[in-house]
Amino acid sequence: MNPELLIWLIPLPPLLAFGVITLFTNRSNAASSWVGVGSAFISWVLGLLVFIQAIGIDHFGEHPFGSSVEWLPLGSGAFSIGVLVDPLTAVMLFFVTTTVLMIFIYSVGYHNYGQPKGDHDQKGLPPHGATVEHGDHSHTVPSVEPMYARFFAFIGLFAFGMFTLVVSDNLLTLFVGWEIMGLCSYLLIGFWYAKPSARDAAKKAFMTTRVGDVFMLLGIAYLYTETGTLNFRNILYNQEVLDTLAANPAIGGFWGLSAAGLIGLLLFIGTVGKSAQFPLHVWLPDAMEGPTPVSAMIHAATMVSAGVYMVVRMFPILALDEKTLGTMAVIGAFTALMAATIAVAQNDVKRVLAYSTISQLGFMVAALGIGAYIAAAFHLVTHAFFKALLFLGSGSVIHGMEHGVLHTGNHKVDPQDMFNMGGLRKKMPITFWTFLIGGFALSGFPLVTAGFWSKDEILADAWGHHHYVVFWVLAIAALLTAFYTGRQLMLTFGGEARTEEAKHAHESVPSMTWPLMILSFFAITAGWVGIPEKIPVIGGLLPNWFHDFVGGTLLKHPEALSSFDPIPLITSVIVALGGLSLGWLVYRNIKAGDEDPLKKPLGEIYGYIQNKWYWDEIYNGIFVHLANLLSEPFTYRFLDRTVIDGSLHWIAQRAFGLGGWFRDKIDGPIVNGFGDFVGSFTNRFGHVMRYVQTGRVQQYMIWAALVAFGGLFYFLAFVSTP
Amino acid sequence: MGLNVFAEEIPYLLIITLLPIVAGALLLALPNRHKLIYNVALGVATVTLLLTVLVFLGFDINGDQYQFADEYTWLPQFGISLKFAVDGISTPLVLLTGIVMFTGVIISQRIDDRPREFFAFMFILASGVFGVFVSLDLFMLFFFYEIAVFPMYLLIAIWGWKETREYAAMKLTLYLFIGSVVALIGALAMYFTSGLNTFDMVDLAAANFSTEFQNLWFPFVFLGFAVLGGIWPFHNWSPDGHVAAPTAVSMFHAGVLMKLGAFAALRVGIMLLPEGAHTHMWWVILLALVNVVYGAFIAMRQNDFKYVIGFSSVSHMGLVVMGFATLNQNGFIGASVQMFSHGVMTALFFAVVGMVYDQAHTRQIPELGGVGKYMKIPTLAFIIGGLVSMGMPGFSGFVAEFPIFMGVWQAYPWIAIVAVISIVLTASYIIRIVSKVFFGETPAEIADHLHDVTRSEKLALGVLAFFLVGLGVFPGMMVPMFAEGVRQIAPLIGLGGF
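Residue numbers (my numbering), protein chains in the order written: chain P, 1 to 722; chain R, 1 to 498.
Fair warning: there could be bad hints in the mix.
Listed next, the stretches of chain R that the computed footprint assigns to chain P, with coverage defined by at least 3 CB atoms under 8 Å from CB atoms of chain P [stated by the list, open to error]:
{"hint": "1", "stretch": "26-36"}
{"hint": "2", "stretch": "253-263"}
{"hint": "3", "stretch": "395-404"}
{"hint": "4", "stretch": "411-420"}
{"hint": "5", "stretch": "428-438"}
Cut-off 35 Å, straight-line C-alpha distance, at most; resulting in silico cross-link-like pairs (DSBU-like, lysine-lysine) [as the list claims (entries may be wrong)]:
{"hint": "6", "chain 1": "P", "residue 1": "K412", "chain 2": "P", "residue 2": "K556"}
{"hint": "7", "chain 1": "P", "residue 1": "K195", "chain 2": "R", "residue 2": "K458"}
{"hint": "8", "chain 1": "R", "residue 1": "K436", "chain 2": "P", "residue 2": "K203"}
{"hint": "9", "chain 1": "P", "residue 1": "K204", "chain 2": "R", "residue 2": "K373"}
{"hint": "10", "chain 1": "P", "residue 1": "K412", "chain 2": "R", "residue 2": "K458"}
{"hint": "11", "chain 1": "R", "residue 1": "K373", "chain 2": "P", "residue 2": "K123"}
{"hint": "12", "chain 1": "R", "residue 1": "K436", "chain 2": "P", "residue 2": "K123"}
{"hint": "13", "chain 1": "P", "residue 1": "K204", "chain 2": "R", "residue 2": "K162"}
{"hint": "14", "chain 1": "R", "residue 1": "K376", "chain 2": "R", "residue 2": "K162"}
Please keep in mind that the hints were generated in silico from the structure rather than gathered at the bench. Owing to the predicted nature of the structure, the values given are computational and were not obtained by experimental measurement. The beta carbon of each residue, even a glycine, is placed where N, CA and C say it ideally should be.
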């Protein structure tokens, strides 16, 4: 089938699913999951078909698939919406459709499909469980999510946004998908809207990313002003346009940037918001309030990847200005390190992963900042697989713990706190082994896992291109990553059960464990397509397919590092193994009621990182406060009501005063003398008019209007000459 | 059938303009029975809407600049004639008026205090609005402009919110009349200086006024009309007026009347005095910037639901003026689309506010909550309106705001940077309302009063939402018309290219 047509079709099934579920099947859980999962499956098949066709074409980057239609007419010409699949998009399509399908399937089990309705469950709150009678005794089982159908409608809409973003051939359509996802992110973080924390988190996520979005919008506007188009191919594959952008100074001479530099910077701020980079990272950890499949899909595998995807996509422009790239390197490296330190001291199983996501996205941004285009794209792909795996795994763990909570009936036990777990490897073997694979991939366990190859490539590029500061910062971050992963693995699955609930945990249903197993397959193999050829012994066994294929996206095919340097390789092996072992050593034997062993040696620093460097408090103190101050006391009460209305009222009073003066000094003595004379005439006239007069002002006005229009008709009919 | 609805000889614009006012007069002759009055009013509004749809569909984008033209000499000795025509910019606005009139009548079904007079005034108002949009004669434009403004006073003062209606009605009337007098002086100056002895705006546009003349008079004409567009610091009549007015009047007021100001400022101010516009626009855009940010800031912290929407109108109308002030095609197209989009959106907002207030008897946001459980369709409609107002892609707000920001960036990048703050602020106050009013717990005091709205009210909301979503998903239904209209006036005004 014609690939152009296929690409158009990819985003549509989930959108249709959204419509069908909202309008027709929202009362039936069974129908809604079939529609939802079915739509994801169709998109996956379509995506795979396109992907297979794409990889079968030599030098695919030079003649990608694409087509477009006009959408929004403007001053000159019009904006089009269109689709484009080039090597980068093809790879994106593959991992996005796959993870999305996995997460859709997983959601069926996660929301307790097939279980009875809860005893006291209500919409907007997570299900609490249902009591089932078994002969003479009863026990509590998980209950089905009360808004089951709605969930599938929302994630369908979300998937539509993500697919649109991936296949779009221009920044405008990309932005459309971007915003749809932002909206769905809001809806899904706040899915359990009866929880105030979920509502706040949803609002925070939406507002924070929106700050990034508006700057991105400006970047788009600027780009359009400079080039007259937003189409990727016309800008990014056109050396002439790129040269002009690099040569022109930025509007206002801002920071000595070139036009390309400022455009790049503005677009990058969009990424800072969407991909939760410092200083707009604060929303992502709170976003964990949403159901776990949402965390996995939106806040790990797809939406936050979209931010990085956008800068990867726009890389040819970003690369035109050193300062923009430098900014990205600094922000990315700083974020990678900062988030990794915070992750070390979190106890919530999902929050650790949330900070780890921020940190890993920082790796990608830093990689782009040092010009390592392929490495950034590579890490984007591998990270999506293993992070989706980890999140789904954590969801499975939480589910297992909730089983335990239902069993003991002690609802005070937080099923997400890792210090309440322990020993789960025996109770949940599949979850354990897959989580182990995901954790190893995240830590960069040498040679086998996908995370190793992509992270190593970033480090090797940083070293090879002499960005030593970035290299060491990222290396430390990688060490911390391995450490907190070891900590998480040990606290969750290692040792003995620390609570009654953990003892009664339970492996999840097949619809949850199958996606875990499939994703763990990719968490290992996805790295093998990009093994550098210069690596000793195994280099060259498999061709470095990823480099050749994705490299074709760029006008100038990026060159692989010319020589092999052992230092980065040794570093990444040491930090991965060292961090994991350290985590194992420190946390292998935590007993119930034990404190975090790090608390004592770290002292005050522990509190500092546990409280996330106090960013939330700082932002609340400054921005929220300032906005409140500006809106109510200053703008409204002072400016609007006091200054503007005040002067108006002052004028009105003076006018009244003037009126009084006229009345007393002029009207009374002078005019009235004459007026009394006229008055007697009016009096007589009034006797006649009494019949017309009803005392209602509005009727007078209508009479006046009627007379006016009567006159108009008269002229139309008799005087005018049409 | 052989009947050609687009036949040249049918004077559509004349009918559209006069039908409401004639119907209004007839209404007064009817017995004051509520149901009868409402049905007749609804019938008239439906016919008017259909006629405006016909004009919209019949407008040929590839045809002349002015279409459906009609001319009747009136006072030839002063060069006044009744000259009607629509161009690409005004055609959708005529449709907008038809939409708001139709939905406004439906929303007013429960008006039980003197419904006959209420609908009669509303129709007079509608006639005035139609007249301004279709007049090509400066004098007639003023004539209809005043007809549109004067019923406002009575509609607010008689049927308005008891607490503030007299104050608000007086404030509004004073502002608008003073504004129009200021503009009128400018218009008379043009008439006498041109020496053409005509009020025909097409002729006046070709009158070649001297630069000094244009620089002197542009501020008068532009600001005089822009008062009705809610320009800062002359905006204060509008939130007060919106809040005090009955629902349908708020819809008309914010939905259409404010567009009248912006439209007249464009047609009389910018189109007749383009050089003056070029000289003065730098400070106009600053005023508009204040509008945009200032209105949004205030809206963020209002406790009265209706005031939030009132100040959001101040903010969004600032975007319209800002778009025009860019003096480039993107800005103009965006501003025109924004006029339509904001008109429909704000009519929808006020309709929902009215429904909530009718039932809950309070508009204080802290006293409301969980309304969505009882009123599903109004909640959905409000959310759609909210998404429009946030500039979410897929809704008409984005189609309007994107070109505006594009245009502003071309003309004054720094202003664009400040103005985008408003997008964030808008999201903040919309989310606040949606979460506090429509979701959450329902306070016991209002829970007993809340119930679903009637089917016809749902229809009205559906009509409004249809245009917001339709235009957002498929801008091709209207934007090419605006774009063509702008392209045709571009050489006249000297608009910058893309």
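Evaluated hints:
Residues of the stretch 26-36 of chain R lying with their CB closer than 8 Å to a CB of chain P number 1, which falls below the three-residue condition for coverage. With 0 residues having a beta carbon nearer than 8 Å to a beta carbon of chain P, the stretch 253-263 of chain R misses the requirement of three or more and the stated coverage is violated. Evaluation of the coverage hint for the stretch 395-404 of chain R: fulfilled, as 4 residues show C-beta separations to chain P shorter than 8 Å, against a requirement of three. Evaluation of the coverage hint for the stretch 411-420 of chain R: fulfilled, as 5 residues show C-beta separations to chain P shorter than 8 Å, against a requirement of three.
A count of 3 residues in the stretch 428-438 of chain R with a Cβ less than 8 Å from any Cβ of chain P is obtained; the coverage claim is therefore met, three being the minimum. A C-alpha spacing of about 59 Å is found between K412 of chain P and K556 of chain P, which places the hinted pair above 35 Å, so the restraint is violated. With a CA separation close to 30 Å, the supplied pair K195 of chain P and K458 of chain R stays within the 35 Å bound. Simply put, K436 of chain R and K203 of chain P have alpha-carbon atoms about 12 Å apart, close enough for the 35 Å limit, and the pair holds.
Under the criterion of a C-alpha separation no larger than 35 Å, the hint pairing K204 of chain P with K373 of chain R is consistent with the structure, at around 24 Å. This hinted pair does not check out: K412 of chain P and K458 of chain R have alpha carbons roughly 45 Å apart, beyond 35 Å. Of the pairs offered as hints, the one joining K373 of chain R and K123 of chain P holds, with about 11 Å between alpha carbons and a cut-off of 35 Å not exceeded. A distance of roughly 17 Å separates the Cα atoms of K436 of chain R and K123 of chain P; the hinted pair therefore holds under the 35 Å criterion.
For the hint linking K204 of chain P to K162 of chain R, the alpha-carbon distance of about 38 Å lies beyond 35 Å, and the restraint is violated. Restraint check: the Cα-Cα separation between K376 of chain R and K162 of chain R comes to about 29 Å, which is no more than 35 Å; the hinted pair holds.
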